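Student: One-letter residues, chain by chain:
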Amino acid sequence: MTTIGQLVLSGLLIGGIYALMSIGLTLIFGVLRIVNFAHGEFLMIAMYGAWAMTRYLGLNPYYAIVAIVPAMFLFGVVVHRLIVMPALDKPHLVVVFATMGLSILMQNVALMALSADLQDVPPILGGRSFTFGPFYAKPELLIGFAVALACTLGLRFMLQATYLGKAIRATVQDGEAAQLMGVPVPRIFLITFAAGSALVGLSACVMMPLFSVFPTVGLNFVLIAFVIVVLGGMGSIEGALLGGICIGIVQSLSSYYIAPAFGQMFFFMLFLLVMIFRPAGLLGRKGEATLGIND
Amino acid sequence: MTTLLEVRNLTRTFGALNAVAGVSFTVRQGELVGLIGPNGAGKSTLYNLIAGAITPTSGGIVFKDRPVAGWKPYQAARAGVARTFQIPKPYRHLSVVENVALSAMLHDRTVAAACDSARAILADVGLADHEDAPVGNLTVGLLKRLEVARALALRPSLVLFDEIMAGLTPSEVKGMTNLVAALPARGITVIWVEHVLYAIMKTAPRIMVLHRGELIADDAPEVLVKDPAVIKAYLGEETSFA
Amino acid sequence: MEAAAPRAKRRGGRWRLLPERGTLSLFELVLLAVCVALVAVPLPQYLQDVVIQTFLWAGLALAWNIAGGFAGLISFGHAAFFGVGAYTSSILAANYGLTPWIGLWIGGLLAAAFGAVLTLVCARLRGPFFILSTLAAAEVVRIAALNWASLTGGAEGLSILPIASIANMVFESKATYAALMLGYFVLIYAITKTVEGSRYGYYLFAARDDEEAASAAGVNPLLARTGAMCLSAFLSGIGGSLFAQYFLFLDPTHVISPELSFQFALLPALGGLGTAIGPVLGSFVITPLSEMLRSYFGGAGAGLHLAIYGGVLVVVMLYFPSGIAGALQRLAERRRKGPP
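Just so you know, the sequences run in chain order A, B and C. When you read off a place in the first sequence, starting at 1, and then add 10, the result is the number in this note's numbering. When you read off a place in the second sequence, starting at 1, and then add 2, the result is the number in this note's numbering. When you read off a place in the third sequence, starting at 1, and then add 198, the result is the number in this note's numbering.
Don't read these hints as lab results, they were simulated from the structure. Treat the numbers as computed from the prediction; the structure is a model and nothing was measured. Be aware that one or more of the hints could be misleading.
[What the hints assert, rightly or not] Reference excerpt, derived from the structure (chain C facing chain A, CB under 8 Å, subset only): (1) A311; (2) I329; (3) A334; (4) A342; (5) P456; (6) L502; (7) L504; (8) Y507; (9) G508; (10) G509; (11) L516.
Ideal Cβ placement from N, Cα and C applies to all residues, glycine included.
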């Protein structure tokens with residue numbers, strides 16, 4: 011009984027962190043109606059950034075947040091201006107191929123410039139875990155989960171209470187109508203894309219103490235992010251959190267009771283099942299996946 | 003005249019909204035029937051139901067003595083029901099001729115034969131000059147004519163026109179009206195949704211009026227103009243019917 | 199992305215210079231002659247290798263294009279079909295002594311079955327949802343192949359016996375392989391051209407451009423799309439078998455990889471989606487370039503050529519979405535119309 015409880019707890023915590031990684035992706039989809047296929051590579055460079063700051067400046071990755079998040083925001087602005095914006099008024103597959111191309115470019119530049127070795131940062135608190143009765147949890151997991159939770163709540167607050175948030179929600183519901191109402195939709199697109207990128211930066215700092223980074227790490231995580239986003243409902247922030255937690259728990263349980271190798275396969279099967287039976291996901295708007303994008 | 007289409011107590015709800023509520027009517031072969039009503043009356047939904055784009059919540063549709071409620075659009079097309087779309091939906095990567103030829107391919111077994119049929123129809127609707135143009139260059143008026151051409155290329159028994167006059171100049175309206183009026187003689191039964199009332203009132207011997215999903219009148223235009231229910235529901239809005 | 203500018207009538211029986219839908223052009227005939235020459239003329243081994251890969255990838259890109267370009271089913275998981283074909287014929291040969299000449303058809307059919315299942319299962323999905331599903335499906339196949347070691351040899355891979363004989367489809371001379379690949383490529387090109395100019399092809403274009411309108415015109419979009427994916431998967435599977443017979447070694451990490459799937463989509467995208475000549479141009483430009491970069495930069499080249507493609511793809515998609523074929527088309531149009 012305790013084993014299952016422990017597995018669920020660990021799964022919950024890591025799931026929250028996976029969710030943090032995916033919130034940017036779902037937000038970008040909700041507002042811009044595009045999937046950023048280079049999402050994993052954004053994570054990769056942010057993780058390398060966090061690692062480098064830890065390694066060469068002696069900071070721990072949580073402090074690196076201060077530098078990485080704004081840097082990723084700027085990176086998002088650049089990518090949006092150069093690649094996303096010109097692609098938005100073209101057929102949908104242009105943005106698909108363009109972000110795919112960016113993904114491949116970034117992966118391979120990293121492969122050429124950096125070593126293919128895995129890089130890590132040392133665990134904080136010397137690797138001790140906190141215990142709660144029969145359960146234990148690494149501090150990195152707890153901190154990561156707390157950040158994820160805070161982020162979700164913060165975003166929800168921002169979306170409900172601020173003008174920017176309302177503008178974003180309006181754009182999600184009907185971009186044309188929003189524009190007619192005076193919402194600067196192109197700027198909303200830019201801010202959302204850059205914010206999504208910044209969120210990836212935040213999650214990278216929180217993930218660095220838990221995962222190793224290497225040039226193609228993006229691929230592993232982006233597939234997880236896709237599954238979470240689809241499961242939770244494209245465009246839904248709470249859905250991403252919920253989806254992340256589900257995935258975390260499923261991964262935790264299946265790795266233990268079946269085999270770690272099959273863990274990944276489970277995601278994809280879960281993904282395909284969701285796509286077949288409830289493409290809108292847990293909290294997404296019904297009909298979205300079938301209506302798809304206007305070409 | 004034999005019955006071509008029979009709609010029995012047809013209802014379609016979207017959540018709490020009764021888009022089409024218990025509509026019943028019969029259309030006989032060779033008829034030219036107008037369908038008018040204010041925006042939101044349910045005309046497009048009715049068309050979508052008949053043409054198979056959506057399924058009814060309840061009620062029946064009988065076409066050529068076959069119950070067909072809930073059929074798929076391509077089944078409707080193959081059975082002889084053609085429709086135009088209110089907002090034109092051309093195939094963007096094909097030329098005008100190819101757009102029409104696609105419909106003709108239902109009956110013509112080769113691409114070349116279909117293109118020949120297409121060219122004949124394009125001449126009929128006045129698009130002969132734009133045959134090889136990519137559709138991206140066409141104005142709304144021309145796109146509406148393309149819709150008509152595509153529908154006619156299916157060699158249908160029943161055609162459902164959806165606001166084909168919008169965007170046409172008065173002389174173009176005249177030309178199109180003549181085209182539509184001549185269809186029953188060619189064996190094509192017409193149901194015609196239109197907002198350009200003067201065209202439809204003068205041409206269609208029978209007009210149905212839809213309001214909030216219900217069929218509130220089904221009569222000759224002269225009678226309708228005096229019907230208080232119709233006046234209240236529809237003609238009370240700012241529409242010209244001179 | 200734009201298909202080649204449409205031309206529905208044949209003008210005066212004169213030969214067209216550049217490729218068009220529905221007819222054969224001088225360009226294509228000249229290209230065919232060049233390809234035959236590349237096979238017949240004795241070349242150094244190294245160049246023969248490039249020729250073989252170029253022809254194979256031209257065929258694979260054309261196969262992808264039937265689903266991705268014609269039907270609008272963008273797939274980033276085609277390596278799965280390729281892998282299914284490759285492994286099927288190789289396993290049948292290794293375990294049952296079945297000649298690959300028959301095995302490749304079985305592999306193709308199995309891949310086609312996968313394609314049908316995928317399309318039907320994902321029938322309601324559009325845009326990125328469909329693309330992600332193809333990615334996920336391919337990963338499922340890869341992981342299954344990796345872990346089902348008793349069947350596929352797992353991570354250690356599967357070797358094909360290098361005993362040269364016609365029955366084994368293993369050849370001493372690279373020129374023979376080149377001829378084989380050329381045959382594959384020309385066959386798929388012929389199929390592509392035929393589909394492009396046929397009613398079925400038009401049904402695919404219509405269903406791709408506007409599914410609702412196509413449906414209202416009598417097209418069954420799901421059936422049309424499924425057919426396209428089946429054909430695409432079938433031909434990709436056969437390509438996989440041919441690859442296995444040439445390379446003589448298979449392992450899931452390289453044969454069913456996302457990188458390979460990307461290649462399937464990259465070549466048609468660069469060459470011109472939705473046209474027949476586009477994927478061919480894509481392969482003829484990228485594959486030799488690939489080999490050149492690989493040999494010039496050695497180990498580091500592994501990353502470099504892909505990095506370049508990524509960058510080129512971004513630029514091409516944003517500024518030349520019709521690819522090389524589209525650019526040629528516009529040149530031809532300008533020539534025909536004269537200076538503005």
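Student: Hint by hint, where does the structure go against what was stated? Just the numbers, ascending.
Tutor: Hint 1 contradicted; others consistent.
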